[in-house]
Structures are given as C-alpha cells and as structure tokens.
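*Asks:* Here is what each chain is made of, one letter per residue.
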Amino acid sequence: MSGGIDYSPADVVIIGAGASGAAAAWNLTETRMRIVCLEQGGWMNPAEYPSTGRDWEARSQSDFAINPNRRQLKSDYPVNDDDCPIKIANFNGVGGGTILYAGHYPRFHPSDFRVASLDGVADDWPIDYATLEPYYAENDRITGVSGLAGDPAYPAKQPLMPPLPLGRSGQKVAQGFDAMGWHWWPSDTAIATTPYNGRDKCINLGFCLHGCAQGAKASTDITYWPEAIRAGVELRTWCRVKEIAVDDDTGMACGVSYYDEQGEEQFQPAHIVIMACNGVGTPRILLNSRSERFPDGLANTSGLVGTHLMLHPYASIYGVFDEELDGYRGPHDALWSQEFYETDVSRGFVRGFTYEFNRGRGPVATALTGAFSGRIPWGEGHHDAYRALFNRICGMVAICEDLPEAHNTVTLDPVLRDAHGIPAPKMTYTLSDNSRAMLDFAVERASEVLQAVGAQDLMVESPLSIGGWHLMGTARMGNDPGNSVVNAWGRAHDVRNLFVVDGSLFVTSAGVNPTRTIQSLALYVTDQMKKRLTNLFDAP
Amino acid sequence: MTRTIATDHPFSPDEQAQIARLARLMVPASAVHGVPAADDALILADILHTARSDEVRVRAALEFAGGLGVPLEAAVPRLQGAVEMLPLVVVVMQCYYRDDRVMQALGMEARPPFPQGFEVPQGDWSLLEAVQRRGRIWRDA
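Those protein sequence lines, which keep their order, are chains A and B.
So that you can map any letter, position 149 of the first sequence is 148 in numbering that gives the first Met the number 0, and since no number is skipped, the others follow by simple counting.
So that you can map any letter, position 101 of the second sequence is 100 in numbering that gives the first Met the number 0, and since no number is skipped, the others follow by simple counting.
Worth flagging that the hints you see were computed from the coordinates, not collected in a lab.
You may find that some hints are simply not true.
Said to hold, decoys possible - Examples of chain A residues toward chain B, derived with CB under 7 Å:
#1 Trp42
#2 Asn44
#3 His182
#4 Ile202
#5 Trp237
#6 Glu341
#7 Trp377
Quick caveat, the model's predicted, so the values are computed rather than measured.
Using N, Cα and C, we set each Cβ at its ideal position, and we do this for glycine too.
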C-alpha cells in the first residue's frame, strides 16, 4: 500500500475504462476477483458538458473536439495521422469513446461474421451471430436501447424503449426512402426515450456528439461503471500505461507499468491483463511492450499487431430544403437504411453500407458550412444566404464496410511522443478501390433520396475526412495463430494471461457503428474467462 | 468572459482594429433582419476574447489579409474563400451566432440547450408501412 493505492498483485488489470473496459469489469465482478482498471483520463462532469453553456458549438472545436490532436487535453496522447486520409476521432477518460459517440447503436448482421464464406473476401470470424446474440441482449439491458422491433434488415430483436422521434427532418428523409422504394427503419440507439435505470429521458439537446448533459445517452461512466464500482472494482484514473511487463521465464504478463497523476512511474502486478484501449490504443501499448522474449512487441510473434486497421470510410450527403426542418434540435439518430447492406456485385463492389440519418446542425455550424462551401458570402448577402440554410439542412452519412488489409496499420511513430515520453501511435491507411466504389455509389443513391423530396442543393463530402471514429482490427481474433493475434475467446495466442476485449478484435468491420458489438464481445470474452477459471492459462 | 484588460491582450490595438474591420466585412448589420454587425461592441468583445485561444492562427489570418496589398474592403473576394482566413472566420461565426440578439432574430431562445431541451415532433410513423410490406432483407449465414 502506497499513498492509499494498493500495489499488491491484482487478479485482473484492465487497461482502459471506455466502452469495452467497463463491460469487461462489470462482467467479471461476480468472480470476486480483485479487479483494477487503469484509465489515462478522469471522470466526466456532465454539468460541464458543452450543451450547458452558450458556447456549446464552439467547444466542439476545442476541449470537446473529436480529434485528440486538436483537443490536446491532459488525458490525450498525440496520434500521427498524417498518412491517413481519415483523421482519428476518440476520447480518453472514464467512458472513453461513449462520451462522444452519437449513440447510434446497430448490431452486426449474421452475414457480417461470414464474409469470406459468403462473399469470398477477407476472413470469417471464429464466432457467429448466434454466439454473440445473448451478449447483445445482456449489453442492451445494461445500456438501455431504444428502437422499434420488426426491422426487416435484422433477425428479431426487442428494443427496450420506444424509438427517438422522426421530427420534421426524419420524416423528410423517410419520405425520400419511401419514394425510392427502399428500406429505412427507426434506428436502435443508446439514448433513453423513457426514464431508464436511473437515467432520465432524452430532451432533444441535439449535441450528443459532445457529451450528454441530460444523461440520456448511455456512456459507460453512467451505465456499467457505477455498477462495477459498487461491486468492488477499483477504477484508478489518470494512469497512463507505459507497457505491460512479462516474465521472461514463463512468457506470461506479470504486471503493468504506468505513470500516475503526479507523473510518477508505478508498477501494478497482475495475474491477468485485459486490453481495452480500442484499435489504436491497444496496439500502441502492445508494441511499446518490448522484451527479450517479445522484441517486436507483446503478443506479436505473428507480426500482426497493429495491422489490418479498419476505419469505416464515411460519406456525408446533405440536402438543402425550402421548408424549415429540425435544425439544431434533437439527436441525429432517428433512422437508418440498410437497403444496400448485403452484397450485390452488380453495384461494383462487395459488401455494403448503412445510411444513417443526420438531423441538422446548429447556428454556428450552419454559418461555417455556408462560409467554407461558398454558399454564404461576406457582406450584404450574408444574412439572406444564411437564412436559406438555417434549419433547412438535413441528410445522412453512409458508413461503409472497410475490408481488412494488412498494409493499413498502427505503428509506433519514431519521433512523436506523449507528455510522458511514451512513443505515440502512427496511423497509415489507404482507401481501397472497393471502398471508393462503395462511397461513390452511396453518394449517388443518397442524392436520389434527397432530390426525390425536394432537395435543390446537395452538400457532399466523401470520404469524410474527420470521420475516424471507428478504430478496428489491429489485434484480430482467429483460430490460426499465424493469421490472428488472439484466439476465438480473446486470449492472446502468445501470452496466455493476456486478453483483448475492444475493437482491435474485429476480423471484419461490418457496415455499422461498432460500439454495441465491441461491448457484446467484451461480455463474451469475459464470460469465456469465467467459464475457464480453473484452466484459464492452459495451452490451447 | 469579456472582461479583458486591454494591456493584457495578445493582439495589439491595430490588430484589434483589423479584426473589427474584417468582422464587419464578413457580417454587416441588417435592418431588414434586425441584427447587428459582427463588430458590434458586445460581439467584438467576445470575438477578441475568444481569439486569444487561437492567437497564432488568428494572427496569421490577419497577416494574410493585411499582406494582400489592397484595402481590406477591396480584398473581400480573395479573403472570403481563402483557407488562410478560416481561423478568424471560425471565431467570428462562433461569437456572432451566440449573441442574444442574433439568436432571437433567428427565432431561437437565447439560451444553451440544457436544461430545457427542445421539442421535436414524432413525425408520421405511417411512412413505415411501405417498408413493412417488403419483408425481410437480411441474409442467412
């Protein structure tokens, strides 16, 4: 015990308190093991979220920016994304990316786990939809999912709360999809539409991407973590992990070195280490954990740690309408379309994408959109041009399945370091021809939807340069140690007490937001650990 | 928020005057719409305060605008599309469109979103009937 911190060996150390780390910690509490979670940021204070102040839009470009290189908070580390056309978006702190996500909360489909078998590309997952289904359901219960049963794009599932309102904007876009004869459905969202488990219902603040002051959006600091902490998990904040130590005799992880809030290096011994830092943070730590036994980084004898980075290329397609729509009011997540989700090679690409409705934008964002695109001039014409856009923009983004390619990587930058001197990650990524074809197709079809209901002016960005929210595939799971980093239940092939529970696990990316699947995987992996407690470290 | 001690300001008086001129060129007053210009005293004070947090990039924008060799008024066609001006444009728009008078002229309440929130109508859910009639579209695996 030192300074109130117990540095005696923990049964489990979890690195990262975001979407997956929270779920993993909660699910392991019934084992009565001593669980310590190390988080490089602190707790959020919802009373300080941007939507509580008059400068709510401005703060989306400063302390609540989605890009850590812009945000530069004490909790952040730099990421070199110069060689990546899609810039990183993440958040560091208790809750992780769920603080800033939109709460758009789709599941994967059965076909997403069988990409190679069905479409002859990439690899199949070592698990299937049926394996994950009970974990989806359990995660839904903790998170609180709103939506509408009966979506013809999915196997049956039962949302726990009614869907978010369509509003004027959602109705407009829904009419567009109906006019084309295409699928749409109310989105599954991690936003409470009724009081749920101590959280109040959504009041349409409309600024979900920068923290929900109402607490309606299910970030893990207000869902999993309170329950996990009540059950005895120790969540240690402001702890930036430097490396995982390995016993060179046994090849097992033996603890974690980290810098505490005072900048002092500490060592937390552990019998089990769980990585929960997602697709950039996890390979960064593994690659920084070099030893005599693992000179190329921990769990990396395959050379695959950090490879196969997937990002979900986005296209944004908005229309400008004559009539007033929702504008700044309400969450974006009202509906999705999966008309083009399943493979049809006649479209010129394999796999597919989801359209996610986007409701509108605030007064400052409208001004900047207009100014940067040349639609709003300086001078006399400013006000009329502004009013032609204000509350009259809505549309959608296309979130495209990104196929895994070994040359898309997270490596260690040879120069860039964080505030503690730890080598920073570098993302290297090339947009594939398949993704480009998919993006082009998505833009064309979305334009048809919006024009069908009267959009005269279209605003398109493809790929969306700011859209690196989804960081996946860099410690992929699989049965073959030569083609994967962890096995079918999340244990590193090389290190029998090292587990991964975050988006790094993904074999393929699907064409949907990953958080619901990440959290369900975290429950699945930790359930596998619980079932194997007596022989957890046995050889395969 | 706007109680800045003039002598403590990172921008010189000349730079502050240039910011004011550029702000007015971007967003002039409008009697028709009942809104002030962006160099209105309250808005300008907010702009000058906010610009402090992006001092280097805003100063670069000022240097770009001042370096064109023509009066600012004549330079507007070149300035309004110039990427070099973006940091200043961002600051001006952020401050202008959170001013009480401007928000009210747009029909908004001059308040942050929380805690009152906003009303969003449910919309017409009967639009789903066409989708329901099509039936399942997901693949077995």
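*Asks:* If a hint holds in the structure, say so; if it doesn't, say that too.
*Replies:* Hints, verified against the model:
| no. | hint | verdict |
| --- | --- | --- |
| 1 | Trp42 | violated (19 Å) |
| 2 | Asn44 | violated (13 Å) |
| 3 | His182 | holds (6 Å) |
| 4 | Ile202 | holds (3 Å) |
| 5 | Trp237 | violated (24 Å) |
| 6 | Glu341 | holds (5 Å) |
| 7 | Trp377 | holds (4 Å) |
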